[in-house]
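Taken in sequence, the protein lines are chains A and B. Each residue of the first sequence is one higher than the one before, starting from 653 at the first, in the working numbering. Each residue of the second sequence is one higher than the one before, starting from 653 at the first, in the working numbering.
These aren't lab readings, by the way, just hints derived from the structure by calculation. Be a bit skeptical, because a hint or two may be false.
Pairs count within a copy or across copies, as identical chains cannot be separated in the list.
Taking lysine to aspartate or glutamate and the EDC-like style, the derived pairs with C-alpha atoms no more than 20 Å apart in a straight line are [what the hints assert, rightly or not]: (1) K938 to E1157; (2) K820 to D954; (3) K1162 to D1150; (4) K820 to E1085; (5) K840 to E964; (6) K938 to D760; (7) K916 to E948.
Computed from a prediction, not measured in an experiment: that's the story for all the values here.
Chain residues, written in single-letter form:
There are 2 protein chains.
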Amino acid sequence: MNGAEALVRTLLAGGVDTCFANPGTSEMHFVAALDRFPAMRCVLGLFEGVVTGAADGYARMAEKPAATLLHLGPGLANGLANLHNARRAMTPMVNVVGDHATHHRIHDAPLASDVIGVATPFSHWVRMGESADTISADGAAAIAAALEPPGRIATLVLPADTAWTDPKDPTIHAVPPVPARPAVDAAKIADAVRRIRAGGASVGLMLNGAAMRAGPLDLAGRIKAATGCRIFAPTSNGRTERGAGRFAVERVPYVVDMALETLKDVRTLILVGARAPVAFFAYPGKPSVVTPPDCEIVPLADLHEDLTGTLEALVEALGAGRTAPPLQSFAPPPLPGAYDAITPEGLAAAVAALLPEGAIVVDEGITGGRRFMPGTVAARPHDWLNLTGGAIGDGLPMAVGAAIARPDRPVVVLQADGSAMYTNQGLWTMAREGLNVTVVLLNNRSYATLVGELANVGAKNAGPTALGMFSLDRPAIDWCQMARSMGVEAVRPETMGDFARAFVEGTSGKGPLLIDVPI
Amino acid sequence: MNGAEALVRTLLAGGVDTCFANPGTSEMHFVAALDRFPAMRCVLGLFEGVVTGAADGYARMAEKPAATLLHLGPGLANGLANLHNARRAMTPMVNVVGDHATHHRIHDAPLASDVIGVATPFSHWVRMGESADTISADGAAAIAAALEPPGRIATLVLPADTAWTDPKDPTIHAVPPVPARPAVDAAKIADAVRRIRAGGASVGLMLNGAAMRAGPLDLAGRIKAATGCRIFAPTSNGRTERGAGRFAVERVPYVVDMALETLKDVRTLILVGARAPVAFFAYPGKPSVVTPPDCEIVPLADLHEDLTGTLEALVEALGAGRTAPPLQSFAPPPLPGAYDAITPEGLAAAVAALLPEGAIVVDEGITGGRRFMPGTVAARPHDWLNLTGGAIGDGLPMAVGAAIARPDRPVVVLQADGSAMYTNQGLWTMAREGLNVTVVLLNNRSYATLVGELANVGAKNAGPTALGMFSLDRPAIDWCQMARSMGVEAVRPETMGDFARAFVEGTSGKGPLLIDVPI
Chain A
653 MNGAEALVRT
663 LLAGGVDTCF
673 ANPGTSEMHF
683 VAALDRFPAM
693 RCVLGLFEGV
703 VTGAADGYAR
713 MAEKPAATLL
723 HLGPGLANGL
733 ANLHNARRAM
743 TPMVNVVGDH
753 ATHHRIHDAP
763 LASDVIGVAT
773 PFSHWVRMGE
783 SADTISADGA
793 AAIAAALEPP
803 GRIATLVLPA
813 DTAWTDPKDP
823 TIHAVPPVPA
833 RPAVDAAKIA
843 DAVRRIRAGG
853 ASVGLMLNGA
863 AMRAGPLDLA
873 GRIKAATGCR
883 IFAPTSNGRT
893 ERGAGRFAVE
903 RVPYVVDMAL
913 ETLKDVRTLI
923 LVGARAPVAF
933 FAYPGKPSVV
943 TPPDCEIVPL
953 ADLHEDLTGT
963 LEALVEALGA
973 GRTAPPLQSF
983 APPPLPGAYD
993 AITPEGLAAA
1003 VAALLPEGAI
1013 VVDEGITGGR
1023 RFMPGTVAAR
1033 PHDWLNLTGG
1043 AIGDGLPMAV
1053 GAAIARPDRP
1063 VVVLQADGSA
1073 MYTNQGLWTM
1083 AREGLNVTVV
1093 LLNNRSYATL
1103 VGELANVGAK
1113 NAGPTALGMF
1123 SLDRPAIDWC
1133 QMARSMGVEA
1143 VRPETMGDFA
1153 RAFVEGTSGK
1163 GPLLIDVPI
Chain B
653 MNGAEALVRT
663 LLAGGVDTCF
673 ANPGTSEMHF
683 VAALDRFPAM
693 RCVLGLFEGV
703 VTGAADGYAR
713 MAEKPAATLL
723 HLGPGLANGL
733 ANLHNARRAM
743 TPMVNVVGDH
753 ATHHRIHDAP
763 LASDVIGVAT
773 PFSHWVRMGE
783 SADTISADGA
793 AAIAAALEPP
803 GRIATLVLPA
813 DTAWTDPKDP
823 TIHAVPPVPA
833 RPAVDAAKIA
843 DAVRRIRAGG
853 ASVGLMLNGA
863 AMRAGPLDLA
873 GRIKAATGCR
883 IFAPTSNGRT
893 ERGAGRFAVE
903 RVPYVVDMAL
913 ETLKDVRTLI
923 LVGARAPVAF
933 FAYPGKPSVV
943 TPPDCEIVPL
953 ADLHEDLTGT
963 LEALVEALGA
973 GRTAPPLQSF
983 APPPLPGAYD
993 AITPEGLAAA
1003 VAALLPEGAI
1013 VVDEGITGGR
1023 RFMPGTVAAR
1033 PHDWLNLTGG
1043 AIGDGLPMAV
1053 GAAIARPDRP
1063 VVVLQADGSA
1073 MYTNQGLWTM
1083 AREGLNVTVV
1093 LLNNRSYATL
1103 VGELANVGAK
1113 NAGPTALGMF
1123 SLDRPAIDWC
1133 QMARSMGVEA
1143 VRPETMGDFA
1153 RAFVEGTSGK
1163 GPLLIDVPI
């Protein structure tokens, strides 16, 4: 047994049984070891952004980390943007990054780089696996680090000689104990209860992370029903259980003026696993903080603390246990007429009406996608995965990972065209693995967000050079050809009826389909 | 005039007039400023790896830096792999990376990250542009840093408020003086001369960087002709002037055993702008150093020193000034028959025979590309740009940049399929800008290098899981469809005659063409 095999066995023993990979020469022993362990599912991505984004989507749905296998500093670098998104989603992940053999380092070979330095800005935990003798302990520590609440990015560097050398002691280390989510202090609960009772609708509870599942949301709904307080969530959340039968939160809008309007009557904002809401970007003359100046921010439960327990304690103290929460009913907008032209409103209505029960929606719709959340709140129950860190190129990869985590559930990606280009290689993995993914490609042939943002930052009278930087129509990208080139079926609907038929076909479980929708 | 405009004016004043860009919200003022300066050519890439790779190819051919415009830490992260390659090619580059407004930092908004930390592993010079009042001086310092021999990566972070605020003093700073390449000490020259005279064919001169142009190579050829010493270059070089009428160096092969064989008779290796050759990767039981154990390594001129002057001094001291260098004659292999089947040998012969004078060859052929260098040494004179850092995905982007730097010269990309997938978005920019690029897509439907590397590292009896990680044929990627989806014409030749016709058509200057070649 060499170090690579010891690490694979450690991962499996620690419950990590899925590895998204783009290996190179320095990872060959790890790849060879995989042959001996069919329990480890290996999924190839043809670019590292696909690999890390898939691990993000996988963990959001599997509720446990996947491993990634990446090739030295530059391979890790290619995956960093989606590590950033995963970090913002509080996704657990174990990255295994191959590196040159330790004795080869002094030669500064062409592919050598400061791998630890590359990993650090987007990892919570980083370690160099200096020896085969310690690599199993390192791997177990990496899993523990990833599992630590609320979920963290662990990056373990695996030098080639650590992989190819036999450890002296073949012990496979178990994952060390992971701290449980700590309970919130009773005094803080009591303080929050007083504030909620006193403030009514001027009090908001801001949820996030683990509080965005059906159970804790139900508790939040009872608190609202009993006290009149409001329940908010940030603009982007790693995973939200929503739709019919669930309690729907108020999401803070992306656009600063809309966020200010949403929060203008809030005088007390109590944080339950969330941070105080801020503007995504700063703009000249606009505030960074979107709560009113006189709004008091009350941190109740930190991201890593017991959010469900906190809400349970609030429910009990407020006597809201027997109050029925205001759950969403199934009431999608009417399906547009079959011969209607395709419009953004029609698309949002059709998706809301046709979304299958249990669907997983990956939302990288950006400008074109903002209409979809309001309508789908009354759709059949589903999970919604947002782009949490704003680093575009997470949509197709996340869909790959979510579909591998939950092959029993249809995955729908609301995908902006500009963002899709970043990691279009994700389509190939969908075809290769026959994944149950429907890509709704929202094709506006532009970086439409930026046209608006140019005006938002006060840059006036944009000329052809500036506007040319946002236009993707010279040449227009033929997304059907693009998808087919990678083995994914594709259609371009002409009418709302065409779209509806394609969407039903796509979500019926026959493999990936891309629907190229002009908007 | 705001800080963004001050920076654009500083770049133009410093001779940086081409900007490869993928901007976002925080870069809107910079984009707006571009409208007022048509002298700054802006080229959009739909992924940041295209942007940095294009800036690499541009500077290799333009002999001056381009600017890049990137969006915060994750946008920079997406461009790091090609910064790695550029760093290894000693390419000068000025990266402008937008960031959140300085007053927005404390809020840790979703897209916030440690931009300086992201930049550091792959930049020689990094600075945060804290204020509009100093941004022109910062920009000038960045250009100076990039120009410092032998060529460096400078990264300037531009917070949004630095961009949108008016500087108190509108002075546009000139680029501070850049140190010239220092001359090599006369005693070191004399020592090298003694060694060359004494050693004959057991002495090698190892060139790189600025020594790989026709002029200094001619000098090296004279030294060889006069003394019998050998002239080597590393496996990968940023830019080599080669072909008919030039002196051809011996390149150290990538494969360790072949490198050992090439260098086995060398007892003294004198370094002129190069490092001592080492194995690209370490392998169990194989040496990292590929020179013989008793070979003395003699550093003569460092990378940043005056390499042409060093060779001139050697020529003079050796009395080789009137010795004719053994220049390469035009003697390509015969063109294969028009109805011959396509073979790797045939392709290499056809490219060597048909390569137009003045062509720029971008070589990311990897396994499939190794045959092309030997044959083309006797082709018409051309420039050859290697993948210098081993981070795949530099080929299509470098071709974009080279074609923009030299629109008068045809660009030919020898492009492996696996590597092409990393930055396939480069095809779109080729179409958008109508670039004179012929992509010879060497389509082996696999990561063929890794099949060999698995054996090289001694990982025996690879099974289906391991081999599956190197196979790109489930599904096969249709590269013609892929290219056309982004507006690039594409053909799939059946015979060598088809290939030859397509290659001639592609290099005739009518815009980009992809030739999908099965190998």
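Verification of the hints:
no.: 1; hint: K938 to E1157; in the structure: neither (45 Å within a copy, 55 Å between copies)
no.: 2; hint: K820 to D954; in the structure: neither (43 Å within a copy, 43 Å between copies)
no.: 3; hint: K1162 to D1150; in the structure: within (18 Å within a copy, 39 Å between copies)
no.: 4; hint: K820 to E1085; in the structure: neither (38 Å within a copy, 59 Å between copies)
no.: 5; hint: K840 to E964; in the structure: within (14 Å within a copy, 79 Å between copies)
no.: 6; hint: K938 to D760; in the structure: between (48 Å within a copy, 17 Å between copies)
no.: 7; hint: K916 to E948; in the structure: within (12 Å within a copy, 76 Å between copies)
When each numbered hint is compared with the structure, violations occur for hints 1, 2, 4.
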